[in-house]
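2 protein chains.
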Amino acid sequence: MKKIALGVDLGGTAIKAGLVNPQGKILRDTTVPAEANQGPTHVIKQIIKSVHQLIDGSSYKKRDYAGIGVGSPGSVDLDGGTVKYPPNFPGWTVVRLGDALHKEFGLHVEVDNDANAAAVGEAKLGAGIGHKDFIMVTLGTGVGGGLILNGKIFRGTFGGAGELGHITIDYNGPLCNCGNHGCVEAYVGAKYLTQRAIEKVKRNRRSKILSLAGNDTRRIDPKIISLAARAGDATALDILAETGRYLGIGLATVVNLLDVRVIIIGGGIARAGKPLFNPIKESVRRHVLTPMKDGLEVLPAKLGNSAGILGAAALVL
Amino acid sequence: MKKIALGVDLGGTAIKAGLVNPQGKILRDTTVPAEANQGPTHVIKQIIKSVHQLIDGSSYKKRDYAGIGVGSPGSVDLDGGTVKYPPNFPGWTVVRLGDALHKEFGLHVEVDNDANAAAVGEAKLGAGIGHKDFIMVTLGTGVGGGLILNGKIFRGTFGGAGELGHITIDYNGPLCNCGNHGCVEAYVGAKYLTQRAIEKVKRNRRSKILSLAGNDTRRIDPKIISLAARAGDATALDILAETGRYLGIGLATVVNLLDVRVIIIGGGIARAGKPLFNPIKESVRRHVLTPMKDGLEVLPAKLGNSAGILGAAALVL
Numbered sequence: 001m002k003k004i005a006l007g008v009d010l011g012g013t014a015i016k017a018g019l020v021n022p023q024g025k026i027l028r029d030t031t032v033p034a035e036a037n038q039g040p041t042h043v044i045k046q047i048i049k050s051v052h053q054l055i056d057g058s059s060y061k062k063r064d065y066a067g068i069g070v071g072s073p074g075s076v077d078l079d080g081g082t083v084k085y086p087p088n089f090p091g092w093t094v095v096r097l098g099d100a101l102h103k104e105f106g107l108h109v110e111v112d113n114d115a116n117a118a119a120v121g122e123a124k125l126g127a128g129i130g131h132k133d134f135i136m137v138t139l140g141t142g143v144g145g146g147l148i149l150n151g152k153i154f155r156g157t158f159g160g161a162g163e164l165g166h167i168t169i170d171y172n173g174p175l176c177n178c179g180n181h182g183c184v185e186a187y188v189g190a191k192y193l194t195q196r197a198i199e200k201v202k203r204n205r206r207s208k209i210l211s212l213a214g215n216d217t218r219r220i221d222p223k224i225i226s227l228a229a230r231a232g233d234a235t236a237l238d239i240l241a242e243t244g245r246y247l248g249i250g251l252a253t254v255v256n257l258l259d260v261r262v263i264i265i266g267g268g269i270a271r272a273g274k275p276l277f278n279p280i281k282e283s284v285r286r287h288v289l290t291p292m293k294d295g296l297e298v299l300p301a302k303l304g305n306s307a308g309i310l311g312a313a314a315l316v317l
Numbered sequence: 001m002k003k004i005a006l007g008v009d010l011g012g013t014a015i016k017a018g019l020v021n022p023q024g025k026i027l028r029d030t031t032v033p034a035e036a037n038q039g040p041t042h043v044i045k046q047i048i049k050s051v052h053q054l055i056d057g058s059s060y061k062k063r064d065y066a067g068i069g070v071g072s073p074g075s076v077d078l079d080g081g082t083v084k085y086p087p088n089f090p091g092w093t094v095v096r097l098g099d100a101l102h103k104e105f106g107l108h109v110e111v112d113n114d115a116n117a118a119a120v121g122e123a124k125l126g127a128g129i130g131h132k133d134f135i136m137v138t139l140g141t142g143v144g145g146g147l148i149l150n151g152k153i154f155r156g157t158f159g160g161a162g163e164l165g166h167i168t169i170d171y172n173g174p175l176c177n178c179g180n181h182g183c184v185e186a187y188v189g190a191k192y193l194t195q196r197a198i199e200k201v202k203r204n205r206r207s208k209i210l211s212l213a214g215n216d217t218r219r220i221d222p223k224i225i226s227l228a229a230r231a232g233d234a235t236a237l238d239i240l241a242e243t244g245r246y247l248g249i250g251l252a253t254v255v256n257l258l259d260v261r262v263i264i265i266g267g268g269i270a271r272a273g274k275p276l277f278n279p280i281k282e283s284v285r286r287h288v289l290t291p292m293k294d295g296l297e298v299l300p301a302k303l304g305n306s307a308g309i310l311g312a313a314a315l316v317l
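These protein sequences, in sequence, are chains A and B.
Going by the working numbering, the residue at position 239 of the first sequence is 239; the numbering climbs one at a time, nothing skipped.
Going by the working numbering, the residue at position 274 of the second sequence is 274; the numbering climbs one at a time, nothing skipped.
Hint data in this document are derived by calculation from the structure and do not stem from the laboratory.
Treat the hints with care, since some could be wrong.
[Stated by the list, open to error] FRET-style restraints, in silico, Cβ to Cβ:
#1 151/A to 175/B: 30 to 40 Å
#2 282/A to 77/B: 26 to 36 Å
#3 151/A to 94/B: 24 to 34 Å
#4 291/B to 12/A: 43 to 53 Å
#5 106/A to 61/B: 26 to 36 Å
#6 179/B to 234/A: 24 to 34 Å
#7 198/A to 181/B: 47 to 57 Å
#8 282/B to 99/A: 54 to 64 Å
#9 31/A to 141/B: 50 to 60 Å
[Claimed, not checked] Partial selection, computed: residues in chain A whose CB lies under 7 Å from chain B:
#10 130
#11 133
#12 158
#13 167
#14 169
#15 211
#16 212
#17 215
#18 216
#19 217
#20 249
#21 261
[To be verified] Derived contacts from chain A toward chain B, CB cut-off under 8 Å, selection only:
#22 56
#23 60
#24 175
#25 260
#26 278
#27 282
Note that CB positions come from ideal geometry on N, CA and C, so glycine has one too.
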């Protein structure tokens, strides 16, 4: 009874939705502006519009759909698919998104936060296949994560588990966005990564990072750092090595705590490949307890650009 | 069908065993020397002896026993109740302790490591009653722990989960016994705690810590620090406040990661009470993400001196 899933990736600017088959192939997709500034009722209308665009033009019947999966920013209460205080959505407080979609389409709906959806996506369709336990890390503006334990997403008592970006690695370290000091995110989040790159480039103006940014330090971002690293730029490689080291320290804490030895890493900067992954592996290995060194794996996420839609779809697959 | 449990607390010097009723009352107990230097076969004999001392003199029939629970140092494989490389047991490599006890007594046997047994004990008979998720920390020579998630001990992929002592709080921090830097244990383990006390006392020789230690700094230990704190000694209170602060930083990482908001703390130094618990609470609260501050609880363990026997018994209750 393998069915077609509707995956909706809700973002602050765009809603991306896709029709996904059980093998994780996107059969059809669409993008609709979120127009979040017009408030929750409007955003829900836009989501409904995106799903209609997929369904209305297709030959599938209602019984062919496994349901609608939504990956949303903010924290999500499974009960009623309630999204709470998503960042970048002005005026949203608590919105029963799941109920609204169920009412409109009469389909099974699952809403979860985007980091959890990404983990479920990798578990069912990506690098997590065959691993009953793994730690998923998404490197982006923030550092998000999800824990797959015994084959299922682990949500904790109140649904907020998986905040891998807010593992402290130095309580005297740099100030993090969360108000705390020395969180992993304060070392490897996009903003901090970029800041470190700008400082290094100012000292070494021959770095490829600067030329790729059109000699404008304000245009430096993780993508440029990663491109420069691929081109062999020493400054960029140095930044990725540092990033890997810091991230590895935080991940070693997670491994020691949970005895889960498979780590999957996705998000923009993860595309840098070996110059990032080798330092991560080395650092995790160096910092975990001796018995935990056996069987450690640090794997790149597989879902790439479509992770948002596929992760959301995986919630109902 | 509430039955009587046999709890065996295997230590490097002594084997403590008890007959425990379903309410967690120790009906009868015994202590037998482990004589670990005589090798695994001898230690197993001693364990068997301790259980015979409890069973042979009692009026219970075989059907009255729920089984034998053993809390053991080292890592434990549930399959066959196999104890691997326990510290302080020379010559032990891999010993199928569970199988040996089952063969002798024909009873159901569960073997787990002592930190997990302590967590299960608190879950079934102590401060964890009514909490489906909690983090158990045992402060002793080392800093151990156990995670109760969804009402069960969480063991991770290979059974080693719960190493709360080896959460990094400062990757540049003091060297830990595990070879890493800045682990929680390197701040709050008995050895490090004592070292800090000795340094402070050298600067302030009027501290009650020194008089309680008979003016011999070599006799300072966590118990003396905790007694001095109870007597209002400023140096001792200062040490406990620091300890609470460091431990709280590490526990905040666990809360952010697992969204588990109940923390139970046991072990010798935990008897210091409020002068330790208040700083822990304050520090956890200060370092967790805002949504996680709701409903945070830091509770003292309840099983006290009998935690070893009761935790072991709880494995089969």
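Here is what the structure says about each hint:
| no. | hint | in the structure |
| --- | --- | --- |
| 1 | 151/A to 175/B: 30 to 40 Å | holds (38 Å) |
| 2 | 282/A to 77/B: 26 to 36 Å | holds (29 Å) |
| 3 | 151/A to 94/B: 24 to 34 Å | holds (28 Å) |
| 4 | 291/B to 12/A: 43 to 53 Å | violated (19 Å) |
| 5 | 106/A to 61/B: 26 to 36 Å | violated (60 Å) |
| 6 | 179/B to 234/A: 24 to 34 Å | holds (30 Å) |
| 7 | 198/A to 181/B: 47 to 57 Å | violated (29 Å) |
| 8 | 282/B to 99/A: 54 to 64 Å | violated (40 Å) |
| 9 | 31/A to 141/B: 50 to 60 Å | holds (59 Å) |
| 10 | 130 | violated (13 Å) |
| 11 | 133 | holds (5 Å) |
| 12 | 158 | holds (6 Å) |
| 13 | 167 | holds (5 Å) |
| 14 | 169 | holds (5 Å) |
| 15 | 211 | violated (33 Å) |
| 16 | 212 | violated (31 Å) |
| 17 | 215 | violated (35 Å) |
| 18 | 216 | violated (34 Å) |
| 19 | 217 | violated (28 Å) |
| 20 | 249 | holds (5 Å) |
| 21 | 261 | holds (6 Å) |
| 22 | 56 | violated (38 Å) |
| 23 | 60 | violated (36 Å) |
| 24 | 175 | violated (13 Å) |
| 25 | 260 | holds (6 Å) |
| 26 | 278 | violated (19 Å) |
| 27 | 282 | violated (14 Å) |
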